[in-house]
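Asker: Top to bottom, those sequences are chains E and G. Take 599 as the starting number for the first sequence in this note's numbering and just add one per residue. Take -4 as the starting number for the second sequence in this note's numbering and just add one per residue.
To be clear, the hints were calculated from the coordinates, so they are not data collected in a lab. Quantities reported herein were computed from a predicted structural model and do not represent experimental measurements. It is possible that some hints are incorrect.
[Said to hold, decoys possible] Not the full set, but computed from the structure, chain E residues with beta-carbon under 7 Å of chain G:
no., residue
1, Arg636
2, Glu671
3, Pro690
4, Leu737
5, Glu738
[To be verified] In silico lysine-lysine, DSS-like type, Cα no more than 30 Å apart, as pairs:
no., chain 1, residue 1, chain 2, residue 2
6, E, Lys628, E, Lys674
7, E, Lys617, G, Lys16
8, E, Lys713, E, Lys703
9, G, Lys94, G, Lys16
10, G, Lys85, E, Lys629
11, G, Lys94, E, Lys701
12, E, Lys629, E, Lys703
13, E, Lys674, G, Lys85
14, E, Lys617, G, Lys40
15, E, Lys663, E, Lys629
16, G, Lys7, G, Lys40
17, E, Lys713, G, Lys40
18, E, Lys657, E, Lys629
19, G, Lys33, E, Lys701
[Said to hold, decoys possible] Derived DEER-like restraints, expressed as beta-carbon distance ranges:
no., chain 1, residue 1, chain 2, residue 2, range
20, E, Gly631, G, Lys16, 30 to 40 Å
21, E, Gly631, G, Asn70, 47 to 57 Å
22, G, Thr101, E, Glu726, 15 to 25 Å
23, E, Phe720, G, Leu104, 17 to 27 Å
24, G, Gly38, E, Ser724, 48 to 58 Å
25, E, Gly700, G, Lys40, 37 to 47 Å
26, G, Asn88, E, Val670, 35 to 45 Å
27, E, Val670, G, Arg73, 43 to 53 Å
28, E, Leu737, G, Thr101, 18 to 28 Å
29, E, Ser724, G, Asn88, 56 to 66 Å
30, G, Asn88, E, Leu737, 39 to 49 Å
31, E, Asp702, G, Lys40, 20 to 30 Å
32, E, Lys604, G, Glu103, 21 to 31 Å
33, G, Gln6, E, Thr691, 17 to 27 Å
Think of the CB as a built atom: it goes at the ideal place given N, C-alpha and C, for glycine as much as any other residue.
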Amino acid sequence: MMADNKVELHIPSVIGYEKIAMECAASTAKKMGFTEDRIEDLKTAVGEACLNAIEHGNKLDTSMKVGVTLTVEESKLQVSVKDQGKGINQIPTPHIENKVAGKDKPRGWGIFLIKSLVNEVFFEQSPEGGNVTKMIIYLEK
Amino acid sequence: MNKDIQVSISQKDDVSILQIKGDVTAITGESIEEAYQKVTTTGAKKMLFYFDQDGYINSGGIAILIGIASESRKNEQRMRITGLSPHFQKIFNMVGLTKYTEIFPTEELALKDF
Chain E
599 MMADNKVELH
609 IPSVIGYEKI
619 AMECAASTAK
629 KMGFTEDRIE
639 DLKTAVGEAC
649 LNAIEHGNKL
659 DTSMKVGVTL
669 TVEESKLQVS
679 VKDQGKGINQ
689 IPTPHIENKV
699 AGKDKPRGWG
709 IFLIKSLVNE
719 VFFEQSPEGG
729 NVTKMIIYLE
739 K
Chain G
-4 MNKDIQVSIS
6 QKDDVSILQI
16 KGDVTAITGE
26 SIEEAYQKVT
36 TTGAKKMLFY
46 FDQDGYINSG
56 GIAILIGIAS
66 ESRKNEQRMR
76 ITGLSPHFQK
86 IFNMVGLTKY
96 TEIFPTEELA
106 LKDF
């Protein structure tokens, strides 16, 4: 669905469907004139936000959807990923040394990657319930 | 076998090459772990992970590779990587995997002086 400067899609809570959101974000960013490397950054960030929503937010419940909204502005692209879950616990910053040493589990890189790859990120609770990951990437001129 | 990934094993001198075609995720990672265990049981000490330039790697896949890096340290094996796109070379660097493996632009360079 597209209204003015917005593109919205809903994907099922099934691992693998995050790729559809990634491709949609990539196409939008390409149309806006983002460079190839920034498009790759965005794809990974969107994929990780969707995976978090599918796995940790909606807990793989196939009756729940993940909503992805892309908002196009002159100098930036905002991508919001919303789930229908109850809340995701904050994950501490991962350290590979602890993971390789077996002190921490190897997983837990999603939020770290999102924070590293987009210009701004906000983790919010939606007033009607669910978690929202809002990511902003700026066009460099 | 997962249809999103194909892992084949070959040998060049004393280096075991694990050619990974497709996505590297928590789901497909099982195939990589199996291939790693297979070469380990044959006594491999040098392993080259040859990734698909167009493949999709997510945080779940990165976790699998960290698990293998951890195992390889215990088993006194050396890991090298090639075939990664510039984006995933950057990601591997960001998470710190390059502290435990070396990334090379080509197979030839990865095999040199291994």
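Asker: Please name the hints from earlier in the document that this structure breaks, with their numbers sorted from lowest to highest.
Answerer: 1, 2, 3, 4, 5, 12, 14, 17, 18, 22, 23, 25, 26, 28, 29, 30, 32, 33
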